[in-house]
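Go by the hints and put chain B with the ligand onto chain A.
Protein sequences appear in the order of chains A and B.
Take the first sequence: its position 156, counted from the start at 1, is 156 in UniProt numbering, and no numbers get skipped.
Take the second sequence: its position 22, counted from the start at 1, is 22 in UniProt numbering, and no numbers get skipped.
Think of the hints as simulated: they come from the structure by calculation, not from any bench.
Watch out, some of these pointers could steer you wrong.
Stated by the list, open to error - No more than 30 Å apart at the CA atoms, straight line, and that leaves these computed lysine-lysine pairs for DSBU-like: (1) B:K49 <-> A:K97; (2) A:K78 <-> A:K57; (3) A:K197 <-> A:K156; (4) B:K123 <-> A:K16; (5) A:K12 <-> B:K49; (6) B:K110 <-> A:K12; (7) A:K178 <-> B:K110; (8) A:K150 <-> A:K16.
So the chains spell out like this:
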Amino acid sequence: MHVIHMGHDVFKANDKVAEKNRKNLDKHGVFSVNVMGAIGSGKTTLIEEAVRHLKDKYRTAVIAGDVIAEMDASRFRKLGVPTTPVNTGKECHLDAKLVEKALGEVDLDNTDLLIIENVGNLICPVDFKLGEHLRVVVVSVTEGDDIILKHPMIFKTSELAVINKVDIAHAVDVDAEKMRDDIHSLNPDIPVILTSKHDWESLETWIGFIELGIGRTQEARKK
Amino acid sequence: MHEYSIACEIFEQVIETAKVHGALEVRHVTLEMGRLSHTNPEQLSFCFKAIAEGSIAENAEFIVETIPPSLECECGYTGTVDETQIGKNDELQSELLEYIAALECPVCGKNARIIGGRELIVKSIEIETEVEQ
Ligand SMILES: [Zn+2]
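Chain A on its own, in the form it takes in the complex:
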């Protein structure tokens, strides 16, 4: 019997592919957003709103991750933007290899903004970087106000948090401000946006955040 030392880091293997993805995106001047969140948090609706208002200004494409169906992908296609569905089969998250494959189907030369909708889940996507420029976590008030402290790592490792469906917070007896405080207790530096699909101003803030990223990418490219 003998022992063989390996030292193979499973997540680092993913991170390496993610790094490759990031370089590929940078080379083409594409700004990419990874939208994570539970099923029913409103990820698809928020992405639709962003696509609807940005597609004429920036060349926009979407990668839609889903366990089996293509429902979300068809919602984005209806908006007239190139959409690549990624079916994960039994998996609960997208990983860098799946995104690498999907990037092969995206016309990166003709894309300014790539939005990646992750599979609905607050745990598994955390451990898998995709190569994205902006990691967003979406959480809705309907998930209850203890949802944040139950899933600390996703709030710790994201770069933007969206609390969605705040228009019905009262009806579900949840305090959206408490949710904001909880997020800041885990990650003091993260910007937190409160949104509702019935409040255009709140959506503008969300869309503005993405636009800021696109602007920076395009600026960096000019240099």
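What follows is chain B with the ligand alone, placed relative to chain A:
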């Protein structure tokens, strides 16, 4: 369940290494698991067994060593979190939350950057190269 894809990756690495070393059987797989990784050792072991069925690793046992989170602060501090503080605050209902609450710099108290504790490493395997008489 993300343990399945992780188990697949571990299985591939283990089998490849075992074959290179002429293994007849893999007895143990030793993993190093960061406290902040979202991986459940029992589920991982279950998935691995399912994948390894019929292979030379089908009876392999998982040994899991945990790694505490380590931090880097802008004040210059680097080091691991103080594990003696974990388990002392009843208000924090999970171990994960306790670790996260402890992620501040012991020198200046600022919120420090996580530099370790999220890893999952296949550290070593123990193999049998010939049938013992
Ligand atoms: Zn410090």
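Taking the hints in turn, this is what the structure says about them:
| no. | hint | result |
| --- | --- | --- |
| 1 | B:K49 <-> A:K97 | holds (24 Å) |
| 2 | A:K78 <-> A:K57 | holds (18 Å) |
| 3 | A:K197 <-> A:K156 | holds (26 Å) |
| 4 | B:K123 <-> A:K16 | holds (19 Å) |
| 5 | A:K12 <-> B:K49 | holds (23 Å) |
| 6 | B:K110 <-> A:K12 | holds (27 Å) |
| 7 | A:K178 <-> B:K110 | holds (22 Å) |
| 8 | A:K150 <-> A:K16 | holds (29 Å) |
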